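First to last, the sequence lines map onto chains C and G.
FYI, in our numbering the residues of the first sequence are 31 to 190.
FYI, in our numbering the residues of the second sequence are 9 to 398.
Think of the hints as simulated: they come from the structure by calculation, not from any bench.
Beyond 12 Å from chain C on every Cβ pair, some chain G residues (computed):
hint	residue
1	13
2	15
3	63
4	144
5	169
6	199
7	202
8	235
9	280
10	337
One-sided excerpt, in silico: chain G residues whose CB lies under 10 Å from chain C:
hint	residue
11	23
12	183
13	249
14	301
15	305
16	306
17	308
18	380
Since the model is a prediction, treat every value here as computed from it, not as a measurement.
Using N, Cα and C, we set each Cβ at its ideal position, and we do this for glycine too.
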Amino acid sequence: MREELLAVIENNSRIDLKELAVLLGAEEIDVVNEIAAMEAEGIICGYHTLINWEKTAIEKVTALIEVRVAPQRGQGFDSVAERIYKYPEVQSVYLISGGFDLMVILEGKTLREVSTFVSEKLSTLDAVLSTATHFILKKYKDHGCAITQKKEDEREIITP
Amino acid sequence: MRNPLSDTVVGIKPSGIRKFFDIVSEMNDPDVVSLGVGEPDFDTPWHIRDEGIYSLEKGRTFYTSNSGLAELRQEICNYMHRKQGITYDAAHEVLITVGGSEAIDIGLRALINPGDEVLIPQPSYVSYEPCAILTGAQPVIINLKAENEFRLTAQELEAAITEKSKVLILPFPNNPTGAIMERKDLEAIAEVVLKHDLVVMSDEIYGELTYKGKHVSIASVPGMKERTILINGFSKAYAMTGWRLGYACGPANIIGQMTKIHQFAIMCAPTTSQYAAVEALRNGDDDIEQMRTAYNQRRRYLLNAFKEMGLECFEPYGAFYVFPCIKQFGMTSDEFASRFLEEEKVAVVPGTAFGDSGEGFLRISYAYSLEDLKIAIGRLERFVKKLREG
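Bound conformation, chain G alone (with noise of 0.2 Å):
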């Protein structure tokens, strides 16, 4: 038989974070603890549920429109408004997706050309560069460095541009590293974006979730709204990774090719997650509140006990992760987090899963109550303790 696969697809690189699953899956220990998932603990605040639970009761289980529930759009339009004073039109600029993911993969589908180089920063969420693979794009990466506290930097985006850049994207605040961008750090990026014509798409979906003042959308930055995809979702500031639920907002001549997209691969999101969604957005403030406050004092407990057992970490302001350094070990990340699992049952993931920049990384989350963390920082002391000693 002829081989049967697409050599692009054969060409990616399997995840990371997959290899660290298949171990951690294979020791299948039930004294593991992980630190390893990248979704919030809590459950999703009752009252969603029972919207979504209740719009099945009324037999609401047919296909919405194809770029969402209108309710649900408008109720985006108004959050946007409200949280970034960013002024979409429901009809034209908004999409409903099946989680932010969705939206990363076709929006890089709208926009690509074969050839076109699209500027990934990292360490980054997994799925840009075989997004961009995919599209036949050809991904450029920018890798961040520690000093900028994981910051993308104008210098560092001027140096990475060609004349065939098109795409940049924008994962902040960050997955795994923690970092977040500024308003004085945006400005800086959006006029290298302009100078060379650029599209941003711009992956929030963590934007619910930083510690020092609040999250600011590049697309707030004058000039910017035009040319990005603003991406965002539910998953993790309403704790609904499971509706698989996201959306994304751009210009309309962009979000009509995508929804074009959307409408031939997928339809529409689920139903029931819009139904739930919607109450999300008019009464969920308060449950964000709270839950920011508990990764807050999680985010504080793990930075103290890192500083107290002399391991180098930056303050993330953002999502739920933090991403210490681990070079003073002369370890690999791999072999720290591998012999971590080995040693002390605690899963970890490397930075390396993110790109080579995370390399001297690992990235910890904690979306896990404090009860848990206190036994993962407990072993990590150990571990630490262990290997100096070593």
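Okay, chain C solo, but in the shape it has when bound (with noise of 0.2 Å):
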């Protein structure tokens, strides 16, 4: 049940118990300690919304930040990225293969903000060799979701 049941939540976060537990063919208690235990384990981290800020009065910036990092001896990665991740400003952090290390998406106010932080606090980490920042111009798809456009059924009404 579990594969079926992560794959209908991460669409729909929000759906009822009793609906899900229809939908999968098993008892809303079975469903209910399902999750649970997925909470539990870690494998549910949380339920977000996607928003579409564009939309909204409230500004945001996103940048995309490649980061070459000096690993630590007997740490690896793990404790920069840790430096890194502690800051609430910072969205996602991951370890990347290829011609640098870390991915960092940072979410700020203004250009400014996003700036600021690179400047003086990624860059100024000591393990931290070089930085990148991307910003984000629009963003087109999000989470599996194509934000721009919604699709019109256009079927005919009754067909054989």
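Please assemble the complex out of the two chains, which come individually in their own frames, going by the hints.
Pasting the structure below:
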């Protein structure tokens, strides 16, 4: 049940538990227990809302920052990653293969706020060798959802 | 001027679906919610579309061989072997057609001499009977029963057979009932088929959409491959209805004659679609699984909703239709569907559009998002309540 349950709530975490049980062909109590177990195991880490901030009055700037770091003896990249992800403005930190080491996704209110973070906080960490900051200009698709368009049903209304 | 028309064609009843389609179209009301379609709501998976586009970019815009791209026929054989354990020879036992529909038409034309009887279980897809009539066959309808979950039983088949019986159409998983035939059911049918030396046309277009074990083809029952035209296609499994691509697998002598008709009437199936279909068969198993899971969730949702509102419905394990019984309201299917459309603006198809034995039932399609289904079911609940208080 786990896999199918996760697939459903990944797309709709607000689904009613009774309905979820119907969709999965399971008992509601089993679904509740399974979710609780996955929360405890850290498989389900949270329930977020996908927001298109561009349609609100709230200004947000998102940046992807490539960071090259010097790994630390005995700890690899973990300790520097932790130093970085503790900042609340940091949304995500990924260890990446290829030309750089960490991908940091940062959300700020203004360009200045983001650049200040990079120049004053990120670059000044001992282990950080270099950074390259890319600002997101427009989001077309996020978390599997195409943000810009809503699809109409173009099928004939009744077909055999 | 003399009457320019063929008596045979004029004599064919117009499709019961068409009538409803016209009513809905005339209403032209944006508030109408339809549960009336017989095609997937999913788009064709992108990697399949991409191959179609790529083939156009490469200028693959010519006819293919009459029987279809060799590459595609080979992939179909691989698929049949992988899914059903049936071995077909790609060179002589596979024909690529314009949808499963063409295969039904030319398959019957290849088999029938005027006066031969074609056994057609109903409720079933609308084209078997007219296609049979066009060949000069005598259609013999077998009315399937709700108490058998709309499966065809050996007794029902036996009772319909005469010395003129030649072809049995086997439409499972079934549109409109959602019924399936499991291995034991098929073995019982196969026995009767062998006894009376019938040919089977097995329309398995919904074969990938079953929700109780894997689909079993009658062609995999011993002795049946030699006398079965297995029809399948890409429309339902891969959400490719508009690509118009299907196929028939069967004995070389039958496929050979079908290919002859196909060659004169059609030339070849659309080339772009054939290239896309190669990709579908090579890398589409996961897509099928994802869509199947979504359909299954909706199926459970609907069955539960019917149960809650006291609407009788056997559990269908195939296709993307449920077939609830509305006899408790003392109306015909047509009356129920017409009033439901008029009063609640939901379009469903009366069971009678698929044969007289569909009387008292409705075909409800779940090729819709859960959100859409919820809106429609909310209205159905209100309607049913009104009828009961009525």
